[in-house]
Amino acid sequence: MSTRTNFRPRLAPQRWRALVLGAAFAVGTAASAAVAQDLLVGVRGGPESIDPHFSSLTTTASAMKHIFDTLVWAGPDQSPEPGLAESWKPIDDTTWEFQLRPGVLFHDGTPFTAADVKFSIERVPGATGPASNAIYVQQIASVEIVNDHTVRFRTHTPSATLPLNLVRVFIVSKAASQNARIEDFNSGRAAIGTGPFRFVSWTPRADLILERFDRHWRGPAPWQRVVYREVSNDAARVAALLAGDLHIIGHVPPANIETLQRNPAISIFAGASAFNFLLFPDQRETTPMVRGTDGRPLERNPLRDARVREALSLAINREGIAERTMDGAGVVANQMVPPGIFGFSERIGRPAHDPARAQQLLREAGYPNGFQVTLHCTSDRLPNDGKVCEALGQMFTRIGIRTTVEAIPRAVFFTRRAAGDLSLFMHGWGTVTGESSQVLGALVLTDDRNTGYGSWNRIGYSNPAVDRLIIEGVRTLDDAKRARMFEQAMETVIADNAVIPVTNLKAIWAARADRIATYTPRSDEDTLAYFVVPKR
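Following the numbering used here, the numbering of the sequence shown begins with 1 at its first residue and continues without gaps.
If you're looking for bench data, these hints aren't it; they were derived computationally from the structure.
Note that this is a predicted model, so its numbers are computed, not measured.
All the given hints hold, so there is nothing to weed out.
Simulated crosslink set (DSS-like; lysine-lysine; CA at most 30 Å straight-line):
| id | residue 1 | residue 2 |
| --- | --- | --- |
| 1 | K118 | K89 |
| 2 | K89 | K481 |
| 3 | K118 | K174 |
| 4 | K89 | K174 |
Label pairs and their calculated CB-CB ranges:
| id | residue 1 | residue 2 | range |
| --- | --- | --- | --- |
| 5 | G320 | L477 | 39 to 45 Å |
| 6 | Q261 | A141 | 47 to 53 Å |
| 7 | N263 | P464 | 51 to 57 Å |
| 8 | A141 | A465 | 24 to 30 Å |
| 9 | A513 | R363 | 55 to 61 Å |
| 10 | N263 | N450 | 52 to 58 Å |
| 11 | D478 | E183 | 43 to 49 Å |
| 12 | P339 | T293 | 37 to 43 Å |
| 13 | N179 | T293 | 53 to 59 Å |
| 14 | D294 | R398 | 18 to 24 Å |
| 15 | T451 | N263 | 51 to 57 Å |
| 16 | A306 | R189 | 50 to 56 Å |
Ideal Cβ placement from N, Cα and C applies to all residues, glycine included.
When you get a sec, could you build the whole thing from the sequences and use the hints?
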């Protein structure tokens with residue numbers, strides 16, 4: 001099993017600016033021959049909706065990649081590759097031109113054109129749910145159709161990162177989706193994409209059933225029918241694999257890896273993950289889930305004090321979490337992105353674990369007896385998310401911050417997070433564009449509903465210096481300059497303990513060896529049926 005934790009460096013804009021692969025685009029062995037058989041996929045979390053613009057959560061995006069395509073495709077290590085667009089290039093400082101792939105069909109047989117691209121991009125801001133997709137289109141001022149297979153994006157300012165952001169923007173059929181509601185997608189009426197599989201049916205928290213679309217532009221998938229099944233209970237997912245009720249599972253529980261490796265009927269595929277567990281302390285003036293030691297509300301929010309946030313970071317035994325809580329399937333995280341992501345700073349050192357110093361900082365901040373707080377996290381999204389949350393709660397309690405842990409389903413968690421109902425919370429974030437502008441722009445830019453900046457910032461963090469670095473970095477085409485700006489922004493955020501990194505995950509799959517030959521690990525941890533290679 002690979003324990004690689006670094007990514008291949010992101011392709012620089014100078015290299016992909018005029019990228020043209022056309023018909024030579026390699027799709028690997030998965031589509032080399034169609035095989036009429038079923039594939040049963042088990043995932044920890046399934047989609048929140050079949051509307052691909054409703055949620056940016058990876059649990060939804062992973063499922064949607066079966067039905068819908070994007071202009072730019074993210075390879076296994078998140079490097080950009082041609083998707084529905086064959087090539088792209090900037091034609092001036094604020095205009096990108098994309099050449100669309102000819103001959104692509106939607107599942108209902110209608111041709112894919114630039115009109116579908118324009119409609120999809122303009123639909124995103126108004127179609128999102130609690131986990132907004134708006135971060136991926138906020139740079140776009142307008143979409144111009146040049147002809148059926150050429151589209152231009154006018155951006156508000158120079159935007160070096162636009163093609164990277166488009167890896168998460170799914171293209172829907174204008175004809176099928178123009179007046180569609182979420183219910184129309186969930187029923188299948190509007191779920192008309194250009195992806196390798198057609199929608200058949202969906203039962204929330206259970207099965208998404210798909211059938212092969214033989215006219216997909218990459219060629220037919222190797223599986224006639226796919227059952228994409230949500231099995232949030234880790235033990236049940238492993239048991240179903242061992243019983244043959246599932247053929248491949250993602251997010252393998254770390255505690256089961258050694259046993260599964262010894263089983264000749266099971267194959268393990270593992271690699272680096274783009275996901276970090278991050279801790280978010282609310283820095284608004286008032287916060288709902290913090291109380292004094294007597295249980296009464298406090299006059300001021302202690303999490304606004306940098307010394308308190310530093311104490312939280314010093315309380316965390318990251319080595320213990322990586323090795324024990326994560327059963328060895330974690331890596332100590334020192335910033336908001338894993339090593340190898342564009343904008344990762346080598347200047348940030350390994351975080352310290354010093355409970356005594358943490359207690360001293362609490363005393364200096366005026367909390368010698370600590371305070372009470374509720375820590376929230378997801379319970380069904382990423383491996384061991386609830387367990388890591390429990391471990392953090394115990395560590396904070398040891399330094400005097402009496403912590404109540406609430407691990408809740410992801411749908412509830414992200415709704416409450418979006419509403420600003422939480423004071424201290426932890427969840428995973430995957431830098432799925434391969435560039436730190438994604439995580440910085442979403443989570444720590446000052447929240448501005450007019451511009452779309454900071455669309456995921458629900459902790460009230462606002463640092464003008466950080467804002468300037470991120471915004472200017474996104475506009476800078478020079479790779480070295482842009483990287484340094486993102487690095488400086490990351491260094492400031494970590495020094496502020498505005499967001500506190502905990503651990504980097506590993507991406508692990510297990511499959512039936514008699515059914516599946518191989519699966520290339522993906523750092524976004526998506527389990528994509530098209531690329532699951534069957535046993536011949």
